[in-house]
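J.: Following the hints, put chain B in place on chain A, whose structure we already have.
There are 2 protein chains.
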Amino acid sequence: MAMENFKQFLFALATAVLVGFVSIFFVLRWVFYFKEGLAWDGGLAEFNWHPVLTVTGFIFLQGIAIVVYRLPWTWKCSKLMMKFIHAGLNILAFVFTVVSLVAVFDFHNSQNIPNMYSLHSWVGLAAVILYTLQLVLGVCIYLVPLTPTYLRAAFMPLHIYSGLFVFATAIATALMGITEKLIFGLKDSKYKDSPPEATFVNVLGVLIVVYGAIIIWIVTRPSWKRPSEQVLVSLSTSPRESDGTKVGFGLSQQTVCVDPEGGREARKRSGKLEDSGQVN
Amino acid sequence: MAMENFKQFLFALATAVLVGFVSIFFVLRWVFYFKEGLAWDGGLAEFNWHPVLTVTGFIFLQGIAIVVYRLPWTWKCSKLMMKFIHAGLNILAFVFTVVSLVAVFDFHNSQNIPNMYSLHSWVGLAAVILYTLQLVLGVCIYLVPLTPTYLRAAFMPLHIYSGLFVFATAIATALMGITEKLIFGLKDSKYKDSPPEATFVNVLGVLIVVYGAIIIWIVTRPSWKRPSEQVLVSLSTSPRESDGTKVGFGLSQQTVCVDPEGGREARKRSGKLEDSGQVN
Numbered sequence: 001m002a003m004e005n006f007k008q009f010l011f012a013l014a015t016a017v018l019v020g021f022v023s024i025f026f027v028l029r030w031v032f033y034f035k036e037g038l039a040w041d042g043g044l045a046e047f048n049w050h051p052v053l054t055v056t057g058f059i060f061l062q063g064i065a066i067v068v069y070r071l072p073w074t075w076k077c078s079k080l081m082m083k084f085i086h087a088g089l090n091i092l093a094f095v096f097t098v099v100s101l102v103a104v105f106d107f108h109n110s111q112n113i114p115n116m117y118s119l120h121s122w123v124g125l126a127a128v129i130l131y132t133l134q135l136v137l138g139v140c141i142y143l144v145p146l147t148p149t150y151l152r153a154a155f156m157p158l159h160i161y162s163g164l165f166v167f168a169t170a171i172a173t174a175l176m177g178i179t180e181k182l183i184f185g186l187k188d189s190k191y192k193d194s195p196p197e198a199t200f201v202n203v204l205g206v207l208i209v210v211y212g213a214i215i216i217w218i219v220t221r222p223s224w225k226r227p228s229e230q231v232l233v234s235l236s237t238s239p240r241e242s243d244g245t246k247v248g249f250g251l252s253q254q255t256v257c258v259d260p261e262g263g264r265e266a267r268k269r270s271g272k273l274e275d276s277g278q279v280n
Numbered sequence: 001m002a003m004e005n006f007k008q009f010l011f012a013l014a015t016a017v018l019v020g021f022v023s024i025f026f027v028l029r030w031v032f033y034f035k036e037g038l039a040w041d042g043g044l045a046e047f048n049w050h051p052v053l054t055v056t057g058f059i060f061l062q063g064i065a066i067v068v069y070r071l072p073w074t075w076k077c078s079k080l081m082m083k084f085i086h087a088g089l090n091i092l093a094f095v096f097t098v099v100s101l102v103a104v105f106d107f108h109n110s111q112n113i114p115n116m117y118s119l120h121s122w123v124g125l126a127a128v129i130l131y132t133l134q135l136v137l138g139v140c141i142y143l144v145p146l147t148p149t150y151l152r153a154a155f156m157p158l159h160i161y162s163g164l165f166v167f168a169t170a171i172a173t174a175l176m177g178i179t180e181k182l183i184f185g186l187k188d189s190k191y192k193d194s195p196p197e198a199t200f201v202n203v204l205g206v207l208i209v210v211y212g213a214i215i216i217w218i219v220t221r222p223s224w225k226r227p228s229e230q231v232l233v234s235l236s237t238s239p240r241e242s243d244g245t246k247v248g249f250g251l252s253q254q255t256v257c258v259d260p261e262g263g264r265e266a267r268k269r270s271g272k273l274e275d276s277g278q279v280n
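The listed protein sequences derive, respectively, from chains A and B.
Under UniProt numbering, the first residue of the first sequence is numbered 1, with each subsequent residue one higher.
Under UniProt numbering, the first residue of the second sequence is numbered 1, with each subsequent residue one higher.
This is chain A alone, in the form it adopts within the complex (with noise of 0.2 Å):
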């Protein structure tokens, strides 16, 4: 099935990934290169889980999640299976996210630092707790089959306005982290007298907006958006005409696309139109 500006999407999608992966690659050097290494010992290579498990889950992979409906090569695929994937996604990056809450609530523990006292902790935990009710949420409505149709489509807008201020949330919190950390965590150096670690960690924190906002573009284009109904048609219906069998209706391994609500789905698509009605 064609997308409208496919190339478009394309350059979005290859710049959120290709910006993702350097987001984990800086928190990654970070890490092990002006910090102290990844280590379960309750010490401070105990704490730099976190960080590194919250940009890799929290972020990363909760963004993938969220748009991979809009991968056009996957409308082929079963809306259950997409579902099965977006929540296995969702799955994982939770339990990063849970990880990484353990490493730092292990490492005050440790090292007798309270918990829970700074902004960046209580807006951190009300993101996590929120996103576990989306979880338990999404996975009772949209996979349990005794769900019905309407409370599935009355949830909708709620599940879609959560996950991406979860999403954005989570974003502005590793915001608030980064910052906290530069000013505790520098060692020889003052954040203020701009160490090389901190425009460092400074540049992690400008590609974490970017990447978020990437996604949300994305996510956010009607003209993008999976057809809501697909029937596929997979009619391997012509062999090689060497095997001397009759050829039918000359269709070869072609997709057919059945859209029962060719109405709405062709007003939906036309995302340009549904932007701009307000522009007198």
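Because the hints were derived from the structure by calculation, they are not lab data.
Don't take every hint at face value.
If you anchor each label on the Cβ, the simulated ranges turn out as follows [stated by the list, open to error]: (1) B/Ala-87 / A/Val-206: 25 to 33 Å; (2) B/Leu-186 / A/Phe-21: 48 to 56 Å; (3) B/Phe-21 / A/Leu-130: 51 to 59 Å; (4) B/Phe-6 / A/Leu-44: 50 to 58 Å; (5) A/Gly-37 / B/Leu-125: 49 to 57 Å; (6) B/Lys-187 / A/Asn-115: 21 to 29 Å; (7) B/Trp-40 / A/Gly-43: 40 to 48 Å; (8) A/Cys-77 / B/Cys-140: 43 to 51 Å; (9) B/Pro-72 / A/Leu-143: 34 to 42 Å; (10) B/Leu-44 / A/Phe-21: 39 to 47 Å; (11) B/Asp-193 / A/Ser-110: 16 to 24 Å; (12) B/Val-95 / A/Lys-192: 24 to 32 Å; (13) B/Leu-18 / A/Phe-21: 26 to 34 Å.
Going by beta-carbon spacing under 8 Å, a handful of chain A positions derived as facing chain B [stated by the list, open to error]: (14) Pro-114; (15) Tyr-117; (16) Leu-119; (17) Tyr-191; (18) Val-210; (19) Ala-213.
In silico DSBU-like pairs for lysine-lysine, Cα to Cα no more than 30 Å straight-line [to be verified]: (20) A/Lys-225 / A/Lys-35; (21) A/Lys-181 / A/Lys-35; (22) B/Lys-187 / A/Lys-181; (23) A/Lys-181 / B/Lys-192; (24) B/Lys-83 / A/Lys-190.
Using N, Cα and C, we set each Cβ at its ideal position, and we do this for glycine too.
T.: For chain B alone, kept in the frame of chain A given last:
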């Protein structure tokens, strides 16, 4: 003109305005009760203009500017007048923001503190530059009468997205600013010991996030959009019958809304269906 879910809209709007006002009260109490008050003396009291003006202008006023088209009691006003209000509020917010920047640069220079070293300053300045661009482009494209309609339409998705991006980034920047100030600025205690000032200002941070969340919720509900075209016909054809004049059509100061784009409009306003297209 009737609005779908009007009570829910009113509740969301009232909550946003209330939370916004409480945020402004919190930042003023922070500055006057916990800190040095306000002055323009190159000292800490000058710095204090920075949080006061960013919370009031860059966050509260910008948020109001964003939702101003959604107020159903303004739907009788001409679109041009609403554009001027939208632009005017944004320009006011911009002036507040610029003065808040002058305050902090002036304070830094007076105290020999370097400028632009922190992630807060990087992301914040980027947001202000984008906001400037947004204002200039917004005025040129939507208020200069010469701009062709196709350009207005083509730019609208970007105008909406970048407006909300700047707004969200302003909030994330405020959270970093609070974090910095509570680490650097507490006098007789440390952030980790949770003195009353720290807890109070953390609550301010949470309030700002809640304000932003409600504003973005309001502005992204399709059913709460201002109708795209509206011709107001105030038919003053029904003066008091005691006047003895002829009563025309039985209409008394009635507002008739003519929607030249009926189909598109009806579709746009069925927001629930729109959002719930992918629930199967």
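J.: So which hints don't hold here, by number, going up?
T.: 2, 3, 5, 13, 18, 20 and 24
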